[in-house]
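Chains as they are written, first to last, in the numbering used here: chain A, 1 to 113; chain B, 1 to 117.
Any given hint might turn out to be false.
Claimed, not checked - Derived list of chain A stretches under chain B, where covered just means 3 residues or more per stretch with a C-beta under 8 Å from a C-beta of chain B:
id, segment
1, 32-41
2, 45-54
3, 89-102
4, 105-112
These are computed hints drawn from the structure, not numbers from a lab.
Treat the numbers as computed from the prediction; the structure is a model and nothing was measured.
Glycine residues also receive a C-beta, built at the ideal position from the N, C-alpha and C atoms.
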Amino acid sequence: EAQVTQNPRYLITVTGKKLTVTCSQNMNHEYMSWYRQDPGLGLRQIYYSMNVEVTDKGDVPEGYKVSRKEKRNFPLILESPSPNQTSLYFCASSLDPEITEAFFGQGTRLTVV
Amino acid sequence: AQSVTQLDSQVPVFEEAPVELRCNYSSSVSVYLFWYVQYPNQGLQLLLKYLSGSTLVKGINGFEAEFNKSQTSFHLRKPSVHISDTAEYFCAVSESAGGTSYGKLTFGQGTILTVHP
Chain A
1 EAQVTQNPRY LITVTGKKLT VTCSQNMNHE YMSWYRQDPG LGLRQIYYSM
51 NVEVTDKGDV PEGYKVSRKE KRNFPLILES PSPNQTSLYF CASSLDPEIT
101 EAFFGQGTRL TVV
Chain B
1 AQSVTQLDSQ VPVFEEAPVE LRCNYSSSVS VYLFWYVQYP NQGLQLLLKY
51 LSGSTLVKGI NGFEAEFNKS QTSFHLRKPS VHISDTAEYF CAVSESAGGT
101 SYGKLTFGQG TILTVHP
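With the rest of the complex left out, here is chain A (with noise of 0.2 Å):
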């Protein structure tokens, strides 16, 4: 089955402590991204990635790395959390640049305190 798949899909943590939210695809896509989703803001964009070692960044990078070391992978790394990072988290993968298909994981809700 084509899926995205994101761990975890809840985290709490605290101010300063460093976390990495891992996303996997088996669909052998190229095109991978990250954004988070803040009410009355829709999806914002964080970082997206055309390729292994190829990463750039989106609408809200502050706060936050990425990584493509492999192709099914992008784990979203942030070194030092605060609360304004507190949202909900998706990871989307697809075929194409101009993105005629994506598939999105299921979300992580992380929660800075």
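Could you slot chain B onto chain A? The hints should help.
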């Protein structure tokens, strides 16, 4: 850069009434358009998409949308809603090659549809 505006943040409607959720976009190149639905405490589900061809697009659950290039709109409609349609709906756009936002989906702010009995 592309942008998407959903004109209504909340739309209350009675069951079996028709509904229209409005979406306008801006872009300097050709676009692809999408509507996603998010049910409470769930992920995103694709309702429908416009890539090319007929401007009237039919999706799942009885929804349809019409691409209007001159008005840069992609409004979502359903002739008769059910309680189970209560959810948040997102309009999204991506650009064809040559656009400054190539490689990403840009989402609107979301419209919360509440269907009352």
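Quick rundown of the hints versus the structure:
1. 32-41: holds (count 4)
2. 45-54: holds (count 3)
3. 89-102: Answer holds; 8 residues pass the 8 Å Cβ test.
4. 105-112: holds (count 3)
In this structure, none of the earlier numbered hints is contradicted; all agree with it.
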